[in-house]
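Chemist: For chain A, the structure is supplied; the task is to place chain B on it using the hints.
2 protein chains.
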Amino acid sequence: MTKRYGAIEAGGTKFVCAVSDENLNVLKRIKIPTTIPAETMNEVFKFFEENPCDAIGIGSFGPIDVNRNSDTYGYITTTPKEGWANYDFLGEMKKRFDVPYAWTTDVNVAAYGELKRGAAKGLDSCVYLTVGTGVGGGGVVNGKLLEGFGHPEMGHMIMRRHPDDKYEGHCPYHKDCLEGLTAGPAVEARHHGVKAYEIPKDDHDWEIEAYYLAQACMDLTVVLSPEMIIFGGGVSKQEQLFPMMRESFKKQMNGYLKTPDLNKYIVHCALGDDAGITGCLLLAQEEAEKANK
Amino acid sequence: MTKRYGAIEAGGTKFVCAVSDENLNVLKRIKIPTTIPAETMNEVFKFFEENPCDAIGIGSFGPIDVNRNSDTYGYITTTPKEGWANYDFLGEMKKRFDVPYAWTTDVNVAAYGELKRGAAKGLDSCVYLTVGTGVGGGGVVNGKLLEGFGHPEMGHMIMRRHPDDKYEGHCPYHKDCLEGLTAGPAVEARHHGVKAYEIPKDDHDWEIEAYYLAQACMDLTVVLSPEMIIFGGGVSKQEQLFPMMRESFKKQMNGYLKTPDLNKYIVHCALGDDAGITGCLLLAQEEAEKANK
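Line by line, the protein sequences are chains A and B. Counted the way UniProt numbering counts, the first sequence spans residues 1 to 293. Counted the way UniProt numbering counts, the second sequence spans residues 1 to 293.
Simulated from the structure, these hints should not be mistaken for laboratory data. If you're wondering where the values come from, they're calculated on a predicted model, not measured in any experiment. Any given hint might turn out to be false.
One copy or any two copies: either way a pair holds, since identical chains are not told apart in the list.
[Unchecked claim] Each computed BS3-like pair below joins lysine-lysine, with the alpha-carbon atoms no more than 27 Å apart:
(1) 258 / 81
(2) 116 / 144
(3) 175 / 251
(4) 31 / 201
(5) 144 / 3
(6) 175 / 258
(7) 258 / 94
(8) 81 / 251
(9) 81 / 250
(10) 3 / 31
(11) 3 / 121
(12) 166 / 293
(13) 166 / 251
(14) 237 / 251
Chain A extracted, bound-state conformation (with noise of 0.2 Å):
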């Protein structure tokens, strides 16, 4: 019989709901505005009612806990998003469809797509960074996602200045992290509230947001030796970062380390938004599987 795949790409403003045939086409695929739990999971509910799988796979915003272990595995957690904290989102899904699932982050989920679908295809190893709204980043390690006692939180890396920057940065809980210097928000207030895609291409501030980013993928290189960094999210449509993020990177490593070819290594995703759904439905394929042996 021919197997059905389910995918959910659950971001903080939009959930995105596939389903796919056995060789990952999608079938049909519904957005969902993110409001409360009550709104947006019955929904859902009501999609893969109409649409049943074989197993499915759940890349969600976070925090959420990824811990087996953990009496609380498959929760969203200490979500600010009204309604959706300490949510059993894997538990109430697995209450209606008994299915093998997946369970990770959504930046997880895009990082495992752009491995196997997009532009790191054939490597074994990747970072994937979003820098929108906020900033976060999900990797894949040796073939597998970069999970551990939870899951990554790239966005909150500690950055040192640039020396030209007097923004303080935006994030609530260390002011100037990555996320804090270079998400959307910060990009804005450190242009006095000029929207991002309005400052000039070769305005001074796009050197710092390329300096900051550039240090992470520093960081990023002497901590997991990563075969490619990915950006996606809104800041990475600029453009212009990519060989100033490129310039900063070589000087910052100051040739300590050879990386692969720098126009290889720090890139544009190729999947843009598909990689979500792309990474869930190879990891509900990947599930089945298992369940089948």
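Modeler: Relative to chain A, chain B alone:
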């Protein structure tokens, strides 16, 4: 027939070679000063001629080439150490002893030893940081050695400076990276040449040291989410650092992430000088088992 496993912990000042029975009990062990390959390696070859093994695990000082797709896989690469740059370590071993090999860094084998038999026993992930004459880091993720295009070089993470620290750092590539600010020579230079073990335990310089090491722990946590961060090396024998690092980590994290209990998260190594050899033997055993399948 009973198996024998071999281990080479190749350090910058000494090599340790060992042979074990099939339960990894060490039967014989020698230390060889690290001089030039013609001298040091001849002793290594002699040891394994006299003590034939079914597989050998090697953890080497670096940088080394761990990329199996590379022409120089198995080489020590760019070290300033006389005679060792571009030395085909693994190739020279294979010429003489036709057995399965494991090949990784000295800190990765220590991480692996601590994970399987030491402080992190029973876990799937950890980081091992050695703080001594230099700073090195290795790791295990999902039970496997942390590698990608190459191996980690955690000593070169970029640091936010402590506001009281006037010392410029001694890393020839990055000046004030983690190694440049926290390795033994940095501790002593910051304290006007006083030997680390002679600096009073309550001196403010230890607060500075703990701040940087805690910052490294913070970055490692948000990137890797390891289940444990283990410290080894001479500087980390300063036991007063541990409570200070935990306190500083807590301040720097500022409640953002729920980590494991810090007393069990930021810890001293359990195997001491045996971590490396233990990791080498475990990896040799795994290679032998793979080869037998």
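Chemist: At most 27 Å between CA atoms: does that hold for residue 116 and residue 144 within a copy, between copies, both, or neither?
Modeler: both (11 Å within a copy, 20 Å between copies)
Chemist: First find the shortest C-alpha distance between residue 81 and residue 251 inside one copy, then the shortest across copies, and answer within, between, both or neither for a cut-off of 27 Å.
Modeler: between (40 Å within a copy, 25 Å between copies)
Chemist: Which holds for residue 81 with residue 250 at a C-alpha limit of 27 Å: within a copy, between copies, both or neither?
Modeler: Between. Shortest inter-copy distance 25 Å satisfies the 27 Å Cα cut-off; intra-copy 39 Å does not.
Chemist: Is it within, between, both or neither when you check residue 166 against residue 251 at 27 Å Cα-Cα?
Modeler: For residue 166 and residue 251, both the intra-copy (22 Å) and inter-copy (23 Å) Cα distances are at most 27 Å.
Chemist: If the cut is 27 Å between Cα atoms, do residue 258 and residue 81 qualify within a copy, between copies, both or neither?
Modeler: between (43 Å within a copy, 18 Å between copies)
Chemist: Using 27 Å as the alpha-carbon threshold, which applies to residue 31 and residue 201: within, between, both, or neither?
Modeler: Classified as neither: same-chain Cα gap 32 Å, cross-chain 59 Å, threshold 27 Å.
Chemist: Have a look at residue 166 and residue 293 and pick one of within, between, both or neither, based on CA distance no larger than 27 Å.
Modeler: neither (58 Å within a copy, 61 Å between copies)
Chemist: If the cut is 27 Å between Cα atoms, do residue 175 and residue 258 qualify within a copy, between copies, both or neither?
Modeler: between (33 Å within a copy, 19 Å between copies)
Chemist: How would you classify residue 3 and residue 121 at a CA-CA limit of 27 Å: within, between, both, or neither?
Modeler: Answer is within: at 24 Å inside a copy they meet the 27 Å cutoff, but 40 Å across does not.
Chemist: Classify it for me, residue 144 with residue 3: is the Cα-Cα distance of at most 27 Å met within a copy, between copies, both or neither?
Modeler: within (23 Å within a copy, 32 Å between copies)
Chemist: Regarding residue 258 and residue 94, is the shortest C-alpha distance of 27 Å or less found within a copy, between copies, in both, or in neither?
Modeler: between (47 Å within a copy, 26 Å between copies)
Chemist: Please sort residue 175 with residue 251 into within, between, both or neither, judging by C-alpha distance up to 27 Å.
Modeler: Cα proximity of residue 175 and residue 251: in one copy and across copies (26 Å, 13 Å).
Consistency with the previously given hints fails for numbers 4, 12, ordered from lowest to highest.
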